[in-house]
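**Q** If you read the protein sequences in the order shown, they are chains A and B.
The first sequence begins at 8 in the numbering used here and counts up one residue at a time.
The second sequence begins at 8 in the numbering used here and counts up one residue at a time.
Some hints here could point you the wrong way.
It does not matter which identical chain is used: a pair holds within one copy or between any two.
Said to hold, decoys possible - Heads up, simulated EDC-like pairs for lysine to aspartate or glutamate below, C-alpha to C-alpha not over 16 Å straight-line:
{"id": "1", "residue 1": "K377", "residue 2": "E427"}
{"id": "2", "residue 1": "K377", "residue 2": "E421"}
{"id": "3", "residue 1": "K97", "residue 2": "E438"}
{"id": "4", "residue 1": "K298", "residue 2": "D337"}
{"id": "5", "residue 1": "K377", "residue 2": "E429"}
{"id": "6", "residue 1": "K377", "residue 2": "E422"}
{"id": "7", "residue 1": "K377", "residue 2": "D420"}
{"id": "8", "residue 1": "K97", "residue 2": "E336"}
Calculated from the structure, these hints are not laboratory results.
Protein chains: 2
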Amino acid sequence: MTKYLIKAMILPMTGPEDFFEQGEIAIEGDRIVWVGERGSHPVDFKPDRVLDLQNDVVMPGLINTHTHAAMTLLRGYADDMPLMPWLEKKVWPFEARMTPEDMYWGSLLALCEMIRSGTTTMVDMYMYEDETAQAVLEAGTRAVLSRGMVGFDLQAAEKALQENIDLFNNYQGAGEGRLQIMFGPHAPYTCPGEFLQTVKQEADKLQAGIHIHVAETKAELATIRERYGTTPVRWLEEQGLFGGRIIAAHSVYLDDEELAIYKKYEVGVAHNAESNMKLNSGTAPIVKMLKMGIPVGLGTDGACSNNDLDMFGEMRSASLQQKLVGSPEDLPAYEVLELATNGGAKITGFKDIGKLAPGYKADLISLNFKQAHFYPRFSIPSHLVYCARGSDVRTVMVDGKILMENYHLTTLDEEQICAEVEKRAKRIALEV
Amino acid sequence: MTKYLIKAMILPMTGPEDFFEQGEIAIEGDRIVWVGERGSHPVDFKPDRVLDLQNDVVMPGLINTHTHAAMTLLRGYADDMPLMPWLEKKVWPFEARMTPEDMYWGSLLALCEMIRSGTTTMVDMYMYEDETAQAVLEAGTRAVLSRGMVGFDLQAAEKALQENIDLFNNYQGAGEGRLQIMFGPHAPYTCPGEFLQTVKQEADKLQAGIHIHVAETKAELATIRERYGTTPVRWLEEQGLFGGRIIAAHSVYLDDEELAIYKKYEVGVAHNAESNMKLNSGTAPIVKMLKMGIPVGLGTDGACSNNDLDMFGEMRSASLQQKLVGSPEDLPAYEVLELATNGGAKITGFKDIGKLAPGYKADLISLNFKQAHFYPRFSIPSHLVYCARGSDVRTVMVDGKILMENYHLTTLDEEQICAEVEKRAKRIALEV
Numbered sequence: 008m009t010k011y012l013i014k015a016m017i018l019p020m021t022g023p024e025d026f027f028e029q030g031e032i033a034i035e036g037d038r039i040v041w042v043g044e045r046g047s048h049p050v051d052f053k054p055d056r057v058l059d060l061q062n063d064v065v066m067p068g069l070i071n072t073h074t075h076a077a078m079t080l081l082r083g084y085a086d087d088m089p090l091m092p093w094l095e096k097k098v099w100p101f102e103a104r105m106t107p108e109d110m111y112w113g114s115l116l117a118l119c120e121m122i123r124s125g126t127t128t129m130v131d132m133y134m135y136e137d138e139t140a141q142a143v144l145e146a147g148t149r150a151v152l153s154r155g156m157v158g159f160d161l162q163a164a165e166k167a168l169q170e171n172i173d174l175f176n177n178y179q180g181a182g183e184g185r186l187q188i189m190f191g192p193h194a195p196y197t198c199p200g201e202f203l204q205t206v207k208q209e210a211d212k213l214q215a216g217i218h219i220h221v222a223e224t225k226a227e228l229a230t231i232r233e234r235y236g237t238t239p240v241r242w243l244e245e246q247g248l249f250g251g252r253i254i255a256a257h258s259v260y261l262d263d264e265e266l267a268i269y270k271k272y273e274v275g276v277a278h279n280a281e282s283n284m285k286l287n288s289g290t291a292p293i294v295k296m297l298k299m300g301i302p303v304g305l306g307t308d309g310a311c312s313n314n315d316l317d318m319f320g321e322m323r324s325a326s327l328q329q330k331l332v333g334s335p336e337d338l339p340a341y342e343v344l345e346l347a348t349n350g351g352a353k354i355t356g357f358k359d360i361g362k363l364a365p366g367y368k369a370d371l372i373s374l375n376f377k378q379a380h381f382y383p384r385f386s387i388p389s390h391l392v393y394c395a396r397g398s399d400v401r402t403v404m405v406d407g408k409i410l411m412e413n414y415h416l417t418t419l420d421e422e423q424i425c426a427e428v429e430k431r432a433k434r435i436a437l438e439v
Numbered sequence: 008m009t010k011y012l013i014k015a016m017i018l019p020m021t022g023p024e025d026f027f028e029q030g031e032i033a034i035e036g037d038r039i040v041w042v043g044e045r046g047s048h049p050v051d052f053k054p055d056r057v058l059d060l061q062n063d064v065v066m067p068g069l070i071n072t073h074t075h076a077a078m079t080l081l082r083g084y085a086d087d088m089p090l091m092p093w094l095e096k097k098v099w100p101f102e103a104r105m106t107p108e109d110m111y112w113g114s115l116l117a118l119c120e121m122i123r124s125g126t127t128t129m130v131d132m133y134m135y136e137d138e139t140a141q142a143v144l145e146a147g148t149r150a151v152l153s154r155g156m157v158g159f160d161l162q163a164a165e166k167a168l169q170e171n172i173d174l175f176n177n178y179q180g181a182g183e184g185r186l187q188i189m190f191g192p193h194a195p196y197t198c199p200g201e202f203l204q205t206v207k208q209e210a211d212k213l214q215a216g217i218h219i220h221v222a223e224t225k226a227e228l229a230t231i232r233e234r235y236g237t238t239p240v241r242w243l244e245e246q247g248l249f250g251g252r253i254i255a256a257h258s259v260y261l262d263d264e265e266l267a268i269y270k271k272y273e274v275g276v277a278h279n280a281e282s283n284m285k286l287n288s289g290t291a292p293i294v295k296m297l298k299m300g301i302p303v304g305l306g307t308d309g310a311c312s313n314n315d316l317d318m319f320g321e322m323r324s325a326s327l328q329q330k331l332v333g334s335p336e337d338l339p340a341y342e343v344l345e346l347a348t349n350g351g352a353k354i355t356g357f358k359d360i361g362k363l364a365p366g367y368k369a370d371l372i373s374l375n376f377k378q379a380h381f382y383p384r385f386s387i388p389s390h391l392v393y394c395a396r397g398s399d400v401r402t403v404m405v406d407g408k409i410l411m412e413n414y415h416l417t418t419l420d421e422e423q424i425c426a427e428v429e430k431r432a433k434r435i436a437l438e439v
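Isolated chain A, as found in the complex (with noise of 0.2 Å):
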């Protein structure tokens, strides 16, 4: 158990004045014991290592709230393309051939990507979520992970419920709790009234939450209306399916009555900027849902519609989104930073990350602010959000371990995971 003490400056996201522009951060095990001034920490810590960061920003981890890690295998292999043929003529045929270690090595680049980028925890749905469990623990960040599943076919949707329910006995708490199970039936468009019933039974018998897809396009409104002559959140509380905890990743389409239902039941919205600009699916309204205090974090989605898992640029966009359509005092600065931290935090249902403060874990990110972009040090949170990019994260540090030191891995051998996603990918795009 490393007891770390932590020197540069300090942005430890608990309110808007909060700041060390010289500060500290003792860390004993997986937790912080303290946070506050250069040289203030108890006398009785004694570390076993001091980080000299004086020159860098130490921050909370970010938390990724939507995606599907092993999608960086078709990373740029479909762009610029109307949403179904883009599904349907390369997405699905392109999954279809994917076996569970290619899911493996996709998850490991994904996560590669992740800790490079100063992503501590994410909120993954995908198939052979087995594969990602194991990845995860390996690569050492924290995790909340679901079975994506499709209900049409009665005969696939309860295999695939079963291997929901299998992940959770396999996996939940794993890594010393570094991994929580949720239960992820795909959409309102994909999965009929009664899958969606028997899986929030199951969901409610394990205390575990639901991770869905809502209301993400104009065409799903179009196809819940047509089949049950509503709309996608007003269709989903008829099935019983909110109360407990929830994401529902997109929500780009809700009126205000819908709102209404997401602020009674405190449904936790991930918000996914790049990707619905990306595919054209919309503007969700964040401003809106903040207002309400509905909880909204932020995600990238899969590398096929992002395309990359960067989350400082998933926050510059969402702030840019919002102002275009908005006005330009939408979604400042510092409420961006909480919505990629604590807000997130709060959807994923972890309840000591996102803020660097005592009995908080150890997840925590150092980005090199002795470069050009970040001069003159007007505004840490305005840098943070409109200049930085991933690749300025020098430490990662999740439950206390240290996984990226001064840009180098600790815990994952990037260049045999590129190979193999390369050689992976190449050969799943020749089969198809």
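For this one, chain A is given, so just place chain B on it according to the hints.
**A** Just chain B now, kept in the frame of chain A:
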């Protein structure tokens, strides 16, 4: 006169199908003499130095067609504010305190950031542009400079115009042709018609182009409507400003008739997606412009409304913005790359940059592609637009001279420049 042979993956931007997975470029002095497959260069070419960049993609240097370089001094000074209070309460009072020497250091900081992120040519408009010219000559990059001129105070306007003429006389063609000078009347709403006509006459006498902000915001439309009963583009045509080389920055609000005016006079558009989003200015009709054959380049605008000068981020945002308001097929990857390279070249008037081909200037950059976010390698253009960050740039060459080698700047002292800017920006902020 150094002869270089560069071994790399090469995206020459000479056509969508052109790519050398194992390519080479031969350079003699300031020009490219050969681009082809590895080992294919003329037998009589004997390089003085071989640059082995086999993990890198080499492409033309990026062209930033609209910026205010020294506004780096205001980076992060004022964000998340509506346009007019932002200008009146923050930007203008700050600018009024900036000295020529401040501008010099601010320009150097911008040039550090530009070289680091792969921009080899910038189109700049600001005060004390002599200082910026000096900075560009030291940095070794290419630039099109203009003195920003506001025309309401007649005496100040005449002084500014004389400074622009002096700038031309002192710097046109300087640095072995790396500097070009244009005239910079600020905008239709800040320059009376008579002043614009005078500027145009002076520019024509010297065969210099004009760089101007046009139709950036709805507020500008309202002002021009109220003042002249017409629209900015129609009014500028009436003043005789068009004809000859012209760069019209922003050009967000143009109806079909105004687009036809642009087409008729071959007006070049400098599109600034991130600035237009951040300030809620709107979405320029770029897709329509390109269909009509109007020349378009990309720009970052100043660091106070962006807030970085990273053209890779700008490419990504430009595509995402068009996709959001149009369709996922809009501004596909290769087209965006064209805007940032040969599209920009076309509107600046440099005839021999923006492509890698024999006879073209050796203005090029290399990006380190051996990184997690560039795998798998299905599409190099897609990766460059949707995944690349300025920080991926490893090598920068302008006019056959290396300005950055293996991430190390060869012409600028970045540490000193950052420290100077920090000191000066904080001093100005205290004075305001």
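**Q** Which holds for K377 with E421 at a C-alpha limit of 16 Å: within a copy, between copies, both or neither?
**A** between (26 Å within a copy, 10 Å between copies)
**Q** At most 16 Å between C-alpha atoms: does K377 with E422 qualify within a copy, between copies, both, or neither?
**A** between (27 Å within a copy, 8 Å between copies)
**Q** Within, between, both or neither: how does the pair K97, E336 come out at a Cα-Cα threshold of 16 Å?
**A** between (39 Å within a copy, 15 Å between copies)
**Q** Given identical chains, is K377 near E427, meaning Cα to Cα at most 16 Å, within a copy, between copies, both, or neither?
**A** between (35 Å within a copy, 13 Å between copies)
**Q** Tell me, please, which holds for K298 and D337 at an alpha-carbon limit of 16 Å: within, between, both or neither?
**A** Intra 11 Å, inter 33 Å, cutoff 16 Å: intra-copy only.
**Q** Treating 16 Å as the Cα threshold, decide for K377 and E429: within, between, both or neither.
**A** between (34 Å within a copy, 11 Å between copies)
**Q** How do K97 and E438 come out at 16 Å by Cα distance, when the copy is not named: within, between, both, or neither?
**A** Intra 12 Å, inter 59 Å, cutoff 16 Å: intra-copy only.
**Q** If the cut is 16 Å between Cα atoms, do K377 and D420 qualify within a copy, between copies, both or neither?
**A** Close across copies (13 Å), not inside one copy (28 Å); limit 16 Å.
Of the hints listed earlier, there is not a single one the structure fails to meet.
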